[in-house]
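**Q** One-letter residues, chain by chain:
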Amino acid sequence: MSIAQNLQAFTCPLPLRDYPNIVMGHGGGGKLSRDLVAHLFAPTFDNALLAPLNDQAVFALNDARLAFTTDSFVVKPIFFPGGNIGELAVNGTVNDLAMSGARPLYLSAGFILEEGFALDDLTRVVYTMGQAAKRAGVQIVTGDTKVVEAGHGDKIYINTAGIGIVPDGVNIAAQNARAGDAIILSGAIGLHGIAILSQREGLRFDSEILSDCAPLHDLVAAMLAITRDIHALRDPTRGGIASALNEIADAAKIGIEIDERAIPVPRDVASACEMLGLDPFYVANEGKLIAFVPDEIAPRVIEAMRSNPLGLDATIIGHAVAQHSGMVVARTPIGATRIVDMMIGEQLPRIC
Amino acid sequence: MCLGVPGKITEIYEVGGLKMGRVDFGGVTREACLEYLPDLQIGEYTIVHVGFAISRLTEEDAQATLALFREAGAFEEELGADTG
Amino acid sequence: MQSLDSFRDEARVRAVMEQLARVATREWILMEVCGGQTHSIMRYGIDQLLPKQIELVHGPGCPVCVTPLEVIDRALAIAARPDVIFASFGDMLRVPGSTTDLFQIKAKGGDVRIVYSPLDALQIARDNPGKQVVFFAVGFETTAPANGMAVFQARREGLKNFSILVSHVLVPPAIIALLGDPENRVQGFLAAGHVCAVMGYREYEPLAEKYRVPIVVTGFEPLDIVNGILACVRQLEAGRAEVENAYPRAVLREGNVAAQKLIAQVFEVCNRKWRGIGEIPASGWRLRDEFRDLDAEQKFDVGDLRVNESPLCISGLVLQGRKKPNECVAFGKQCTPAKPLGATMVSTEGACAAYYRYARHTFAVVSEQ
Chain A
4 MSIAQNLQAF TCPLPLRDYP NIVMGHGGGG KLSRDLVAHL FAPTFDNALL APLNDQAVFA
64 LNDARLAFTT DSFVVKPIFF PGGNIGELAV NGTVNDLAMS GARPLYLSAG FILEEGFALD
124 DLTRVVYTMG QAAKRAGVQI VTGDTKVVEA GHGDKIYINT AGIGIVPDGV NIAAQNARAG
184 DAIILSGAIG LHGIAILSQR EGLRFDSEIL SDCAPLHDLV AAMLAITRDI HALRDPTRGG
244 IASALNEIAD AAKIGIEIDE RAIPVPRDVA SACEMLGLDP FYVANEGKLI AFVPDEIAPR
304 VIEAMRSNPL GLDATIIGHA VAQHSGMVVA RTPIGATRIV DMMIGEQLPR IC
Chain B
2 MCLGVPGKIT EIYEVGGLKM GRVDFGGVTR EACLEYLPDL QIGEYTIVHV GFAISRLTEE
62 DAQATLALFR EAGAFEEELG ADTG
Chain C
9 MQSLDSFRDE ARVRAVMEQL ARVATREWIL MEVCGGQTHS IMRYGIDQLL PKQIELVHGP
69 GCPVCVTPLE VIDRALAIAA RPDVIFASFG DMLRVPGSTT DLFQIKAKGG DVRIVYSPLD
129 ALQIARDNPG KQVVFFAVGF ETTAPANGMA VFQARREGLK NFSILVSHVL VPPAIIALLG
189 DPENRVQGFL AAGHVCAVMG YREYEPLAEK YRVPIVVTGF EPLDIVNGIL ACVRQLEAGR
249 AEVENAYPRA VLREGNVAAQ KLIAQVFEVC NRKWRGIGEI PASGWRLRDE FRDLDAEQKF
309 DVGDLRVNES PLCISGLVLQ GRKKPNECVA FGKQCTPAKP LGATMVSTEG ACAAYYRYAR
369 HTFAVVSEQ
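Chains as they are written, first to last, in the working numbering: chain A, 4 to 355; chain B, 2 to 85; chain C, 9 to 377.
The set of hints was computed from the structure by calculation and includes no laboratory data.
Incorrect hints may appear among the rest.
Said to hold, decoys possible - Think about it this way: if two alpha-carbon atoms lie no more than 30 Å apart in a straight line, the pair counts; the simulated BS3-like pairs of lysine-lysine are:
| hint | chain 1 | residue 1 | chain 2 | residue 2 |
| --- | --- | --- | --- | --- |
| 1 | C | 116 | A | 149 |
| 2 | C | 331 | C | 281 |
| 3 | A | 158 | C | 114 |
On a predicted model such as this, the values are computed, not experimentally measured, just so you know.
One chain only, chain A, in its complex shape (with noise of 0.2 Å):
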């Protein structure tokens, strides 16, 4: 097949012909993302270990397993409540590879710079991934800055990316989870997300809603301590808990039900939520994690949860069942069902 042949295989079917450009929702973590993923990027890089598509790849090297992830980190405002871009970054990368329950090692950053941003900001910045990178245990090794002229970058954008060590007979990934697991839920969520959205223009909010970014190894040692059957760990980033779910669920061709009454959700998140129309299963978490471990084992593995400060509040919130493959169903609060679809773009604040 010619490059025109093969480019035209991948922009068929529908979905990326339906936008001749890039969206912000390409970017939102909903289903036009994993369109852009599964329909460009994977056909064309091609390969084992990316065809999985979970947030790290994890591979055999002599005789250790290593698992090795890349991100990059667009926040806007740079400083929002609880955290910055910086610990952001670290602490991001470090929980993707701690969803394969590695251990994370070392990270790379790479920082794109735009002209005219304050050396003060900078400062703040890496500052806090230094303090960041020494909580976390890691160490960043390399990087590189590049500078780009004013207007064509966003003050700072920075790109990591992470590589830990995965020990024996752990075998975490999504496509992993089955049927009859317990669904764990580590704590609250939607503060990462209100915390952005109150600074947002347009948008904004007087709260005391912190991001709850933090390093979430440890977490995960603790419950790997208990068991090493972790069948699969994800960390609801952007797209929230639905996201996260819908994607497990679609992995491992298993259904999802969960009960709308577990899953906690701080006051004053609610109310945001409620005053600009927003469901909180769909806003970024950057400090929890899901995990499907098998029902038996799940109270040892929340007990050994709370006790860590990451964990206090772990919880079930439902279970994988083999019904209604890749659907995720949540008992309403009076009762009945509805499903958690997968978001397309993102969420938008809505006055309906």
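Got chain A; can you put chains B and C on it based on the hints?
**A** Just chains B and C now, with coordinates in the frame of chain A:
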């Protein structure tokens, strides 16, 4: 149409000739225009739609509504028992 | 303040459902007018818990859904202009026009901004004196006081770079049009609670009397909705046809008089086309002549607009309650929220989107013949 969210007035002031207020929606607060409820006082509740207070909401009304639902239920049950 | 949780309490909702099952001795067809109510019904699954005798039909109370394609195309043309900052509520962003949508305009460099309130758009105008700021003023009566105040304030401040593109529609004419249709099956209405918070419910009284239909002013929380349904069914069982207020904590019979005064100053009644339904006389508001300079429709010449509706889309029938979303052959196939053919699938409180997003697991989808 009409996401209207209840909130409590915590401040009242004027901006550009418009009566404005700070509204607490249960932990998060935002400015809203109070021009349409000129008698609204600090501490009172209102329903806010797209940044405008459109209706005064009283705690008594809310409680009464809930009680009404409860009572109606109880009343109906009695009635049902009699005629059922 | 009583938290919203009380109005979502399962035990209370079930208690009302039980009463409903006892009270309803025959089948009744009710329509909830407001898209926000449709959204609440589908999101909580209220329709799943209703006794079989009660059928809920979803009304045209989705301003995003009923905004004509021409208006959307006009909005997109304005938003594409380099001298314009286009501000809109989030709801409108994904609505496709004939060839594009606001996201794609944004992708091509258009300055499109989401705002929470029309006053935010006004602030954008103050902050950007070199640009024309256009606010997409879509809505029912509920949003008119806000949109009107933005215009009023802009005039007061002498702002020259602010205008609104109006697509306001009114509920009572829509109800009249529905009731006037010989194929109408709706026997009782749940009126839109926040529309009535602004306008009051006096104007529904002649309708209830003339057409012999109960009209119950209803709120949006699950308990409010089921109580509205119960009140409506009680009336139907008793042969009554009155306007009743099941949302007294937020609605007064006379509504918000101050808001009505401002609306009358800024807007006047006009005929409006409802997408999928057609023109309904005296069913909309437009800016009065003296505010022509703040009317984006007058201010911007976007040339000829050629409108292109999908032949498969039955939005109009859905909006009138004549078809359910799952009775459309395109539902879930050619038409999904990711690739919508019409506004009822794009808008979050459009019936089609609500059905697809929350409830497609509960009913069979019509198969193509």
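**Q** Take the hints in turn and mark each one as holding or not.
**A** Hint by hint, here is what the structure shows:
no. : hint             : result
1   : C/116 with A/149 : holds (26 Å)
2   : C/331 with C/281 : holds (20 Å)
3   : A/158 with C/114 : holds (20 Å)
In this structure, every one of the numbered hints holds.
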